[in-house]
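J.: Fit chain B to the given chain A structure using the hints.
Chains as they are written, first to last, in our numbering: chain A, 20 to 606; chain B, 640 to 914.
These aren't lab readings, by the way, just hints derived from the structure by calculation.
Heads up, some of the hints might be wrong.
[Unchecked claim] Listed below are the simulated EDC-like cross-link pairs for lysine to aspartate or glutamate, each with C-alpha atoms no more than 20 Å apart in a straight line:
(1) Lys733(B) to Asp782(B)
(2) Lys847(B) to Asp758(B)
(3) Lys847(B) to Asp892(B)
(4) Lys238(A) to Asp281(A)
(5) Lys789(B) to Asp750(B)
(6) Lys733(B) to Glu823(B)
(7) Lys733(B) to Glu760(B)
(8) Lys847(B) to Glu889(B)
(9) Lys789(B) to Asp758(B)
(10) Lys238(A) to Glu825(B)
(11) Lys238(A) to Asp706(B)
(12) Lys238(A) to Glu227(A)
(13) Lys733(B) to Asp862(B)
(14) Lys238(A) to Asp741(B)
(15) Lys238(A) to Glu805(B)
(16) Lys789(B) to Glu851(B)
(17) Lys733(B) to Glu502(A)
(18) Lys124(A) to Glu207(A)
(19) Lys847(B) to Asp785(B)
(20) Lys789(B) to Glu748(B)
(21) Lys238(A) to Glu827(B)
(22) Lys124(A) to Glu204(A)
(23) Lys238(A) to Glu870(B)
(24) Lys733(B) to Glu748(B)
(25) Lys733(B) to Glu841(B)
(26) Lys238(A) to Glu807(B)
(27) Lys238(A) to Glu874(B)
[Claimed, not checked] If you want the footprint, here are the derived chain B segments under chain A, 3+ residues with CB under 8 Å:
(28) 681-687
(29) 696-706
(30) 759-770
(31) 801-813
(32) 819-833
Computed from a predicted structure; not experimentally measured.
A virtual CB, placed ideally from N, CA and C, is assigned to each residue, including glycine.
Chain residues, written in single-letter form:
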Amino acid sequence: MAAFSIRPRRPGDAGWLAASSQPLEVTRPSRRTFVKGLAMGGAVAGLGLWRPAASAQTDAGQQLVSLTGTEFDLTIGETLMDFTGSPRLAVTVNGSLPAPTLRWKEGDTVTLRVANTLGEGTSIHWHGILLPANMDGVPGLSFNGIPPGETYVYRFTVRQGGTYWYHSHSGFQEQRGLYGALIIEPLEPEPFGYDRDYVVMLSDWTDEDPDRVFAKLKKQAHYYNYNRRTLGDFARDVRERGLGVTLSDRLAWGEMRMTPTDLADVTGTTYTYLMNGHSPAANWTGLFRRGERVRLRFVNGGAASYFDVRIPGLPMTVVAADGQLVHPVTVDEFRIAAGETFDVLVEPSGQEAFTIWAQSMDRTGYARGTLALRDGLSAPVPDLDPVPLLTMADMGHEGMAHQGHGGMMDDATMQTHPESERGNPLVDMQVMSASARLDDPGIGLRTNGRRALTYANLRALFPDPDGREPGRTVELHLTGHMERFVWSFDGVKFSDAEPLRLTYGERLRIVLVNDTMMAHPIHLHGMWSDVEDDAGQFQLRKHVVDMPPGTKRSFRVRADALGRWAFHCHLLYHMAAGMFREVRVDV
Amino acid sequence: MRTRARWSVVVGWAVLGACWGASAAWAQPAGQENEQGSSQPWTPIPPVTDADRVAAFPDVDVSAVHDTVNYFVLFDQLEWQGDGSTGGMNWDSKGWIGGDRDRLWFRTEGDAESGSLGDAEAHLVYGRAVARWWDVLVGLRQDLRDGPGKSWLALGVQGLAPYWFEVEATVYLGASGRTAARFEAEYELLFTNRLVLQPLVELNLYGKTGAERRVGAGVSAFDIGLRLRYEFRRELAPYIGVTWSNAFGETADFAEAVGETPDSRRLVAGVRLWF
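Just chain A, same shape as in the assembly (with noise of 0.2 Å):
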């Protein structure tokens, strides 16, 4: 239990509200790392190499780039970089992957001048960021995008505080490099304190040209799932479980033409998992002293990951979820899905080194750094998880077996779907009863021992903002069919749906159903994902809301900006495949 206890900064003080008294001196440190980090990043971007990979870093050379004020110059390029031992061209913000950590001021108006020196149009999109439409950076809805050798002038008021991102929203970028962290000062100090502060940006390099890993995946959907189950498990179930139940395990998924080990569509077979731009071999490392008290700002900047992070030895507390404060809640472990942001403190004692240990979701590799007292030092690193299977309940299946009981189903429990899906050859399979399961910490880290966030934990640190019940509700099913690669809402593929309309000033309930095998973070721009208790009230606020398979899960929105916004899945390949829709907000 004492793992899961706050130590207080001083003994008898009121704990963290007494340091947040005193934020300039705890950023400081890392500010004076970051302007180092600066210079060097500046000087090799002119080089037009970087190797990041380079074992002679020192810790500032190891630190992320870090832009600070309301002007800002950002000019997006293509730079050779090194994660495999093969260099390739990433797409970089001033010559760095991940793209420099801009840090600003509520309240303040930025101007970020966008240059474009690719050969093909490029976007940046400020990603859980309330701003007006044309700010947006989605091609095709807020702007034209950028054309290459011009300039975009992004200007906007910052309204809030926190941990957010940035990336590309043109092509494939994002998964060549172009995504960096947000750090937004808040105007109210926030209620706790830390003597350290480090971005720990997670994402996946692939050496391929993700257009290929795109055609790929059309072509044959398990290309990248060298874990699907083989003759050999076959004999070994029969062994453990006996025939007959291994037989309709089989056969169950079978005649579904599913299988349970599609839990990624891009594996560790083509990506190398990166922490801060530091493969695991190169170890990003954050140094503390004794006795201080870190703060982690984790993002999945991952193009088509999930990760399981946690920090062997170290309970973390969570404290913002997607930027927006939450009720602090320790934890051994937290999956975060791609685009989340989840803000952790951490004390670290007892040991000189700690791993930072973010494995991926389908078990087929990891990203690494350690939080050390010196450069240099690193602790063991675990062992992957055994990789999990989805089961049927998973699903939100689990109603077939009542049937076989002869029983009638629980009319409240069974799910209904969509016109639109009927017959529909682009959907391979729907849900029969599907469940919230807030509190479910999800496939693989149900029953691992350690304690797991889920997203029942975490509850705003401030009461619903709007307060006002929802006038209409819109149910949307998350729909896909595995082998044609093909992803949707409701069956229907982005090229072929009419905008969602909403009224501005209206707040209005969005429910949304997983009706495919895989987990899908969804990803409202322009306006806050409010998540929804299980008794359907305000307890959450989000931009990203994940949706693992068989879920049913429902957020409030507030239409209060208007224009035409990007909704969709933030695995890239589900987005680019269809699962996308314009929401439109109009008075």
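T.: Same frame as chain A, now just chain B:
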């Protein structure tokens, strides 16, 4: 000590929560009731200005859609076949180009022995996804061997049957009322994620006897294949295997008449490729 520390944190957060609550209450318009179901938001909706309208709906010329035209070319069989005395090449290839629903397919298969073409044919068909696992196809089949009656209209279905059987069923309509049908099914048995055994069965039927094509009416022939491949990459998998072909009835007679054995067992070795 630990306990006290934890309590101080709890108290701290409680105080803070109260502050937040108070600030939210402060944000709500004075004297306004804000019970659940109230029509007025606690945080007022800002009125829309002309500048807002301009910013919200800029002129946009490009599309946000990312649909791509894709293609797939598979050489499922590209192999040498032999039975100890004779040997030759054999191929079976198919592929498509198109979108998610509508695709243009080709199929070709055939064999060649000592430089001369044996049975060989090519299909060009339009396929449309009509159900969860099924495409319907319509198009042309052209037999490449010399002789009459080389062109057929092809109508078929293909898809993934329950339990992962990949199946194709096609009927063919030729000139002068000639008809034929073909059924193919294959399966992939994973010894490992790279070592894959592919059983395959093909059944051919003809509506009419045609001496010049050396086929008899009814079930004329079947082929069974068992190929074990190793996927060095998904796209590149060398394999070895065995095949067994058997012709029946008049088709067998025709084969014997030209010195071929209707019942043939062969070893095969080849490479499976796709791009």
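J.: If a hint holds in the structure, say so; if it doesn't, say that too.
T.: Here is what the structure says about each hint:
1. Lys733(B) to Asp782(B): The hint holds at about 15 Å.
2. Lys847(B) to Asp758(B): holds, 18 Å
3. Lys847(B) to Asp892(B): holds, 15 Å
4. Lys238(A) to Asp281(A): This hinted pair holds, its Cα atoms lying about 16 Å apart.
5. Lys789(B) to Asp750(B): Holds, at about 16 Å.
6. Lys733(B) to Glu823(B): Between Lys733(B) and Glu823(B) the Cα gap is close to 13 Å, so the pair holds against 20 Å.
7. Lys733(B) to Glu760(B): holds, 12 Å
8. Lys847(B) to Glu889(B): The hint holds at about 11 Å.
9. Lys789(B) to Asp758(B): holds, 11 Å
10. Lys238(A) to Glu825(B): The given pair, whose Cα atoms are some 18 Å apart, holds under the 20 Å limit.
11. Lys238(A) to Asp706(B): At roughly 15 Å apart (the allowed maximum being 20 Å), Asp706(B) and Lys238(A) satisfy the hint.
12. Lys238(A) to Glu227(A): holds, 16 Å
13. Lys733(B) to Asp862(B): holds, 18 Å
14. Lys238(A) to Asp741(B): Holds - the C-alpha atoms of Asp741(B) and Lys238(A) are around 14 Å apart, at most 20 Å.
15. Lys238(A) to Glu805(B): holds, 15 Å
16. Lys789(B) to Glu851(B): With a Cα-Cα distance of about 11 Å, the restraint between Lys789(B) and Glu851(B) holds, given a limit of 20 Å.
17. Lys733(B) to Glu502(A): holds, 17 Å
18. Lys124(A) to Glu207(A): OK: Lys124(A) and Glu207(A) at ~11 Å, within 20 Å.
19. Lys847(B) to Asp785(B): OK: Lys847(B) and Asp785(B) at ~19 Å, within 20 Å.
20. Lys789(B) to Glu748(B): Holds, at about 14 Å.
21. Lys238(A) to Glu827(B): Judged against 20 Å, a Cα distance of about 17 Å means the pair holds.
22. Lys124(A) to Glu204(A): holds, 5 Å
23. Lys238(A) to Glu870(B): holds, 16 Å
24. Lys733(B) to Glu748(B): Status holds; Cα separation ~9 Å.
25. Lys733(B) to Glu841(B): holds, 15 Å
26. Lys238(A) to Glu807(B): holds, 18 Å
27. Lys238(A) to Glu874(B): Cα-Cα ~11 Å, so holds.
28. 681-687: Coverage by chain A holds here, the residue count being 5 at a Cβ distance below 8 Å.
29. 696-706: Three-residue rule met by the region 696-706 of chain B, so holds; n is 10.
30. 759-770: holds (count 3)
31. 801-813: holds (count 3)
32. 819-833: Holds: 6 residues of the region 819-833 of chain B have a Cβ under 8 Å from chain A.
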